[in-house]
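Undergrad: Each chain is listed here by its residues.
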Amino acid sequence: MIQPDRLTAPATHPIDTVNPQFPEQFSLSNGMEVYSLSAGSQEVLKVELLFAAGTSRYSNSLIPSFTASMLQEGTHQRNAAQIANDVDDYGAFLELDIDKDFSGITLYSLNKHLAKTLPVVEDILMNSTFPEEEWEIMRSNRIQKYTVNLGKVGFVAGKRFQELLYAETPYGTSFDVNDYRAMQRNELIHFYQNQYAPTAAKLFVSGKMDDSIHQLLESTFGQLKGDGKFLPALALATPVTFSERKQFIPKEDAIQSAIRIGRRMFPKSNPDYFAMKVLTTILGGYFGSRLMTNIREDKGYTYGIGAGVMPYRSDSYFYISTEVGSDVCSAALDEIYKEIRTLRDELVSNEELDLVKNYLLGSLLKSFEGPFERMERFKNLHLYGVGNDYYQQYTAAIRAVSPHKLQELAKTWLQEDDLLELVVGKK
Amino acid sequence: MISYTRFTLDNGLKVIVHEDPSTPLACINILYDVGARDESPEQTGFAHLFEHLMFGGSINIPSYDTPLQEAGGENNAFTNNDITNYYLTLPAQNLETGFWLESDRMLSLAFSEKSLEVQRSVVIEEFKQRYLNQPYGDEWLLLRPLAYHVHPYRWATIGKEIKHIEDATMEDVKAFFHRFYLPSNAIMVVAGNVKHDDVKRLAEKWFAPIPSGKRPERKTIVEPEQTEPRRSTVHRDVPSDAIHKVYHMAARMDKEYHAQDLLSDVLGRGQSSRFYNALVKDRQLFTDLSAHVSGSFEKGLFVISGRLRNGVKPEEAEAGIQSEISRLLNEGISEQELSKVKNKAESTHVFGEVSVLNKAMNLAFGELLGDIEMVNTEIARLQAVTVTDVMQAAKSILREENCSTLYYLRAE
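Protein chains in written order, with the working numbering: chain A, 5 to 431; chain B, 8 to 419.
Calculated directly from the structure, the hints in this document are not laboratory data. Glycine included, each C-beta is placed from N, C-alpha and C at the ideal position. What you were told as hints is all true, and nothing was included just to trick you.
Some chain A residues judged to face chain B by a derived CB distance under 10 Å, without partners named:
#1 Ile6
#2 Gln7
#3 His17
#4 Lys149
#5 Asn153
#6 Phe291
#7 Tyr305
#8 Glu327
#9 Gly429
Between the sequences and the hints, there should be enough to build the whole structure, so can you do that?
TA: Next up, the structure:
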């Protein structure tokens, strides 16, 4: 049997520029903005009503979160069990999601059942009643789950890191068990009335589309009245200077410690956003990254470590995140800072940079697979104040970025004194 | 409807091709017919540790990840009690890079001492992160040996204890590779923007020269029927009590499987289920209570898991579960209830077909289980289940003498 030449890698070909498919845009009779993207061969649809009603929109950030979750707990026509049944009877999935910026009511349905499942979405949007008893059950269950989460170093670190990084802004409001107890049902109802008007939503629909779907959207949502607009992004105060950049929350019995390191950056619309993405990918954004190679693959200190830039509507932050054996926590910290210092002190080799560029371009291509992913890519530009040429710019910027540019960014943004460090566990 | 073509190389490697021109990507999924069930009881966690070592360089290629990333690709793998599965996606024009990488590590690994040493530590950290440093993390480490006394399903994929991973030697690693990582013990699915003829040519070029080896035989180990209730109670530093009840049930390919799967949905899938409405909402005994099936290739487990509402006694909560089971056995289920869980199962299946990689994995699982057509017949099989079948499933499974119960309680 002839052996192929296994010592030489097969020739690779340049990665295609992604040619993003964007949704068709139109409005329903009442002005509700619709974004409709048709793709895929399966008879499936994702219908998402998105509101600018994230957790940053209320002083007690639990209120927006409970408001979203309580939408499926009862309306004038249906109690919680009926809502669940009316969704499940047709094999649909109803999801109520929230992050700092947005909350969403999302329905996944087979095309053939949409006429039956969509009215449930309309009902919870318009007629939610936040029943007292359901509300008390949810509150006490969530308190219990929160208490369980407090036993996880990763959870405690993630929560506290946000609070410290975004101190004194609506993105950094802290909460604890007392805030769960302090919530009033009326606050939810007011938040719902103020934030969930049908005209305050953007409607994203993706999957196998046809005219009948558009007609169904019009007949279900097009006549709903309300006043309210999709809210613009919150302006954020400039980052505070940390009184103590190193923070430590001890947990006596921890056999692993959670580490978070990071800082606030700039909005996605900043021209340096792309190059920063390349820089953080080199540091910790893929399996072959420097942090993974050093801290996992060379030292074996962790199961995983990552770095990246997380965008909000009007800001973003840089982070490094890992959980390491408590016995090697300080050694891991030393290595993390060593890798950051190397980015400042030394130019990235062309070889490594080319690899990361190809990796990012390949990932971009992959991130457009299927109708739902394509819609997510559109939302990622549309909702974050950047234009439709974002992915072309991204591709061009990745191809163009030089080792010098990356070093300049590292020197500007990754100075040790500017980085917040949080350890939860033992060190 | 998922279309596919198939061929087998002379060395026994089975190859399946699924053409999907709608994506610019290609994926390669290679399933090795080896899982934690093939480990020796004195050396558990080995299949999973080995999965890590598969990324530590092969005989001719020092790094697996680097060339793949250069080609714009990504990869990952998982191990469970039944199988070890590796997958990669990359831009379709660079498909050959995937063939080069996967065939070289099927041919032979580099077997570097450094890689073994490091991956032992990485896996030990994984053990700590997922099973020891989390509230409730060790539940399955306790449940498996309670439910299985003889079958290798009695240990978890991560292994029984950290010591087994610490003790792994290079000699063990080599023996494991030579025994299981053979073309005749693998199934490769190539899917996406690919053509059958190209895949055939590349498979012949890169995989056909790999020696076939002798496909390992799996000794059938049958778990004796459980004849009396098993119970265990542990106390841990957790804020709330938990209860698990696990019952022996059918294997994935048994004819009773689908009825048992749907029974678990009726009882405990989602917010329209019986458990949720009766015991989380109405009686408020639990904050969470669900049921599911393990879906394992050999006789599996029907699992009921719940977290108790603080203040509720475990005996009272368990009696709640029992009362729902009795109600189901005495009063039966309605056609409507069955049709609901069938519709949910159907749409879960259809939504799963949106991803090419998912389709590739399902083709590989089907082939290994001896019926690749199941990717297309699964929905019909679910739809064929009757109310009588589900009731039969309930009667045969949900018996105390078939059940292992774990009380996982707050330390005093």
